[in-house]
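There are 2 protein chains.
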Amino acid sequence: MRTSHFLLATLKETPADAELVSHQLMLRAGMIRKLASGIYNWLPLGFRVLKNVERIVREEMDKTGAQEFLMPSIQPAELWEETARWEKYGNELLKITDRHEHRFCYGPTHEEVITDLARREIKSYKQLPMTLYQIQTKFRDEIRPRFGVMRGREFLMKDAYSFNLTEESLKEDYQIMYDAYTRIFTRCGLKFRAVAATTGSIGGNISHEFQALAEAGEDVILYSDSGDYAANIEIAEQNGLKEGDKSPDGKGILKTARGIEVGQVFQLGKKYSDAMNATVLDEKGQTVTMFMGCYGVGISRTVAAVIEQHHDEHGIIWPDELAPFQISIIPMAMHKSTRVKLASESLYKQLTEQGFSVLFEDRNERAGTLFSDHDLIGIPHRIIIGERNLDQGKIEYKNRAAKESQLIDNDQVMAFLKESVTIPK
Amino acid sequence: MRTSHFLLATLKETPADAELVSHQLMLRAGMIRKLASGIYNWLPLGFRVLKNVERIVREEMDKTGAQEFLMPSIQPAELWEETARWEKYGNELLKITDRHEHRFCYGPTHEEVITDLARREIKSYKQLPMTLYQIQTKFRDEIRPRFGVMRGREFLMKDAYSFNLTEESLKEDYQIMYDAYTRIFTRCGLKFRAVAATTGSIGGNISHEFQALAEAGEDVILYSDSGDYAANIEIAEQNGLKEGDKSPDGKGILKTARGIEVGQVFQLGKKYSDAMNATVLDEKGQTVTMFMGCYGVGISRTVAAVIEQHHDEHGIIWPDELAPFQISIIPMAMHKSTRVKLASESLYKQLTEQGFSVLFEDRNERAGTLFSDHDLIGIPHRIIIGERNLDQGKIEYKNRAAKESQLIDNDQVMAFLKESVTIPK
Numbered sequence: 001m002r003t004s005h006f007l008l009a010t011l012k013e014t015p016a017d018a019e020l021v022s023h024q025l026m027l028r029a030g031m032i033r034k035l036a037s038g039i040y041n042w043l044p045l046g047f048r049v050l051k052n053v054e055r056i057v058r059e060e061m062d063k064t065g066a067q068e069f070l071m072p073s074i075q076p077a078e079l080w081e082e083t084a085r086w087e088k089y090g091n092e093l094l095k096i097t098d099r100h101e102h103r104f105c106y107g108p109t110h111e112e113v114i115t116d117l118a119r120r121e122i123k124s125y126k127q128l129p130m131t132l133y134q135i136q137t138k139f140r141d142e143i144r145p146r147f148g149v150m151r152g153r154e155f156l157m158k159d160a161y162s163f164n165l166t167e168e169s170l171k172e173d174y175q176i177m178y179d180a181y182t183r184i185f186t187r188c189g190l191k192f193r194a195v196a197a198t199t200g201s202i203g204g205n206i207s208h209e210f211q212a213l214a215e216a217g218e219d220v221i222l223y224s225d226s227g228d229y230a231a232n233i234e235i236a237e238q239n240g241l242k243e244g245d246k247s248p249d250g251k252g253i254l255k256t257a258r259g260i261e262v263g264q265v266f267q268l269g270k271k272y273s274d275a276m277n278a279t280v281l282d283e284k285g286q287t288v289t290m291f292m293g294c295y296g297v298g299i300s301r302t303v304a305a306v307i308e309q310h311h312d313e314h315g316i317i318w319p320d321e322l323a324p325f326q327i328s329i330i331p332m333a334m335h336k337s338t339r340v341k342l343a344s345e346s347l348y349k350q351l352t353e354q355g356f357s358v359l360f361e362d363r364n365e366r367a368g369t370l371f372s373d374h375d376l377i378g379i380p381h382r383i384i385i386g387e388r389n390l391d392q393g394k395i396e397y398k399n400r401a402a403k404e405s406q407l408i409d410n411d412q413v414m415a416f417l418k419e420s421v422t423i424p425k
Numbered sequence: 426m427r428t429s430h431f432l433l434a435t436l437k438e439t440p441a442d443a444e445l446v447s448h449q450l451m452l453r454a455g456m457i458r459k460l461a462s463g464i465y466n467w468l469p470l471g472f473r474v475l476k477n478v479e480r481i482v483r484e485e486m487d488k489t490g491a492q493e494f495l496m497p498s499i500q501p502a503e504l505w506e507e508t509a510r511w512e513k514y515g516n517e518l519l520k521i522t523d524r525h526e527h528r529f530c531y532g533p534t535h536e537e538v539i540t541d542l543a544r545r546e547i548k549s550y551k552q553l554p555m556t557l558y559q560i561q562t563k564f565r566d567e568i569r570p571r572f573g574v575m576r577g578r579e580f581l582m583k584d585a586y587s588f589n590l591t592e593e594s595l596k597e598d599y600q601i602m603y604d605a606y607t608r609i610f611t612r613c614g615l616k617f618r619a620v621a622a623t624t625g626s627i628g629g630n631i632s633h634e635f636q637a638l639a640e641a642g643e644d645v646i647l648y649s650d651s652g653d654y655a656a657n658i659e660i661a662e663q664n665g666l667k668e669g670d671k672s673p674d675g676k677g678i679l680k681t682a683r684g685i686e687v688g689q690v691f692q693l694g695k696k697y698s699d700a701m702n703a704t705v706l707d708e709k710g711q712t713v714t715m716f717m718g719c720y721g722v723g724i725s726r727t728v729a730a731v732i733e734q735h736h737d738e739h740g741i742i743w744p745d746e747l748a749p750f751q752i753s754i755i756p757m758a759m760h761k762s763t764r765v766k767l768a769s770e771s772l773y774k775q776l777t778e779q780g781f782s783v784l785f786e787d788r789n790e791r792a793g794t795l796f797s798d799h800d801l802i803g804i805p806h807r808i809i810i811g812e813r814n815l816d817q818g819k820i821e822y823k824n825r826a827a828k829e830s831q832l833i834d835n836d837q838v839m840a841f842l843k844e845s846v847t848i849p850k
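Each protein sequence line maps, in turn, to chains A and B. Using the working numbering, the letters of the first sequence map in sequence onto residues 1 to 425. Using the working numbering, the letters of the second sequence map in sequence onto residues 426 to 850.
Worth flagging that the hints you see were computed from the coordinates, not collected in a lab. It should be emphasised that the depicted structure is a prediction, and the values quoted were computed from it without experimental measurement. Incorrect hints may have been included.
[Claimed, not checked] BS3-like mimics (lysine-lysine), calculated; alpha carbons at most 27 Å apart, straight line: (1) B/Lys828 with A/Lys123; (2) B/Lys520 with A/Lys88; (3) A/Lys349 with A/Lys336; (4) A/Lys34 with B/Lys563; (5) A/Lys138 with A/Lys191; (6) A/Lys34 with B/Lys513; (7) A/Lys394 with A/Lys349; (8) A/Lys63 with B/Lys843.
Just chain A, same shape as in the assembly (with noise of 0.2 Å):
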């Protein structure tokens, strides 16, 4: 991709408005712009960054054997009375009203429609466990929307829901998503702890959120320093812990530290299936209630939970998985060199042609504009192309988070970028 037909937004000046770091820079760096209150556009720049993001997940999900399909996002209010949702749930959830006068709600989550599609679609004992997942635009219309998509109405998110014939089943599938979870947000670079959370609005009985660990997080852990116990802060008080206590497990002394729910996993039991009836016969042919459990993970939330993680005083430094281009490629004064422009276009086809996602400075802007710009965009792999090095046979590479570039031989090139940069499938 070239920058000059690019829609690269990037801004100088920090907008006002934001507080967070990840919010400035996802705006600065021209990933998103506020359409109205918790309502944004991804630009092409972030949406690449969140299709990556929704890449890993759905990878991971697949490999679990959960089934991908799609719920619609409008849903009609007799299902949420089913479950007394429709009041319980309060003012988050979009109320809407067709044209006939029939009352639906812009899903905030998925439980009512999977539950009515499970009574109507499973029957036997034979098809389970079986776990559906989706990836949809969700809406809670939170009262004070803020931190840009942190906190966001309308966002991206993953949901899946498994079914099983037993409580142990249903362990076993809370599990897998437990260790999938795991394996999504290392993959996204976060560093992150699993900790043991109320069920809030979604109910059920274990729960276990996941939560990047930051300054700017709005939850607060509490933590074992040395051993596995953790707890958001509402767990830990209920069981009368706090700070500086010895770790119920034994293991090491309680600290707090503040968190980014990016996901969470729920063992729903069967309050959903007690409500819908949502039943199959068993071996014996009898009618039984199916178990349930239900996993969430806030793409949307996740890259700016990300950017909180990776960046510096001049912008975000992406992980090689997550990165909206693996490389970039800056002539200098290319418009005045044929030499530069030559060399420049040349690496640009070659990388291209090795599956490499390559973004090309074609603008005719100052060097301080376009490294600027580059680094605020966070691209993890520059290459510098200039005169003075290729009289030399070299060209100069820096990486994002390395202090100092460093000049590689011309017929080098390739074998260190394959060596260097992750490509993602």
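Chain B: place on chain A using the hints.
Chain B alone, transformed into the frame defined by chain A:
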């Protein structure tokens, strides 16, 4: 994927309220399930086809240099008031009021939002031409939703928007999109005609619809039986043309046909950019209003249109590129024969490793049930493995579109399938 744990939801009976063949088959094959009037769940089988159409559309859009991004589904009323469409668009616009009494709609199309974004972010002629596209769920509150996803309320659409400095440049981008649409619908296996069209509530000067030819189509087109002329009936009648007339280009006689509109392209001119003041600076530093084009593909509807053209009395016949799985393996009496089981499992493993997508029939059901299920869901390539043929070192192959099956030497199966099956990327 094994059928035992796949949400295969085939129906023996044709649902009473489904008129069109595509609607009947999508329900019977378990591709979709109705949630509310005009609102459907896409079950895993249907979702895989939907994703294949989406993949083809994305590949062809990317080839044109268009940039993918994502706009919100929820749009503020104020933008629609700038173009006067808040009132003019009529009752198909699903209007929503949020908890703070702010007015929004669920986007049925995105001209207002993209024009607002463009006026804020595109500043110079140097950035033009630029084409942006998204693949997104839209909502039109049809007064009488019908024919399943053919005229649903919530649906998946690709919408692209081009921004141009001159009308000439707009015409170039229009042709690029026209050509891309031709490739898209050709790859989807559709017989279609691009016809001159009226511009309706979208507006603009010049427009073409891409009409998949089908008796079940709601649209009527007039076309030359031996020339290039083709128009929808409104345009033809405006020009005083009717069936049996000579074609206006002098080539052939005009005939009528019915069509399903699967795509439409528009030269919007300055309709939106004038109303919303979307300007750039030109080479002389003067403010000029941009020209715009917009280009839509009905992704959900395309799935239904393909079924209208590709089915027989037993079910769907998927073109390879759209098939939910390329190959199905049906072992005969696998639950009694270890040999059949071993041979089938081994082939399943090999084919999967080679990158084919395979549906492995491991349910313990009568052969007749299995065959009619696989006929119904329309997997194009079928392998049947049974004791008798194994004795001869053969397996049976049947193409869904062929009447007869054929025997293939066991050691030739892989080569045969590599030859016969188109693997989508």
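Hints, verified against the model:
Proximity of lysine 828 of chain B to lysine 123 of chain A is assessed by CA-CA distance (about 34 Å); at most 27 Å being required, the pair is judged violated. This hinted pair checks out: lysine 520 of chain B and lysine 88 of chain A have alpha carbons roughly 24 Å apart, not beyond 27 Å. Note on lysine 349 of chain A and lysine 336 of chain A: the hinted pairing holds, with a Cα-Cα distance of about 20 Å set against a maximum of 27 Å. Taken as a hint, the lysine 34 of chain A and lysine 563 of chain B pair is honoured in the structure, with Cα atoms around 20 Å apart against an allowance of 27 Å.
At most 27 Å may separate the alpha-carbon atoms for a hinted pair to count; lysine 138 of chain A and lysine 191 of chain A meet this at roughly 26 Å. Proximity of lysine 34 of chain A to lysine 513 of chain B is assessed by CA-CA distance (about 26 Å); at most 27 Å being required, the pair is judged to hold. A distance of roughly 18 Å separates the Cα atoms of lysine 394 of chain A and lysine 349 of chain A; the hinted pair therefore holds under the 27 Å criterion. This hinted pair checks out: lysine 63 of chain A and lysine 843 of chain B have alpha carbons roughly 25 Å apart, not beyond 27 Å.
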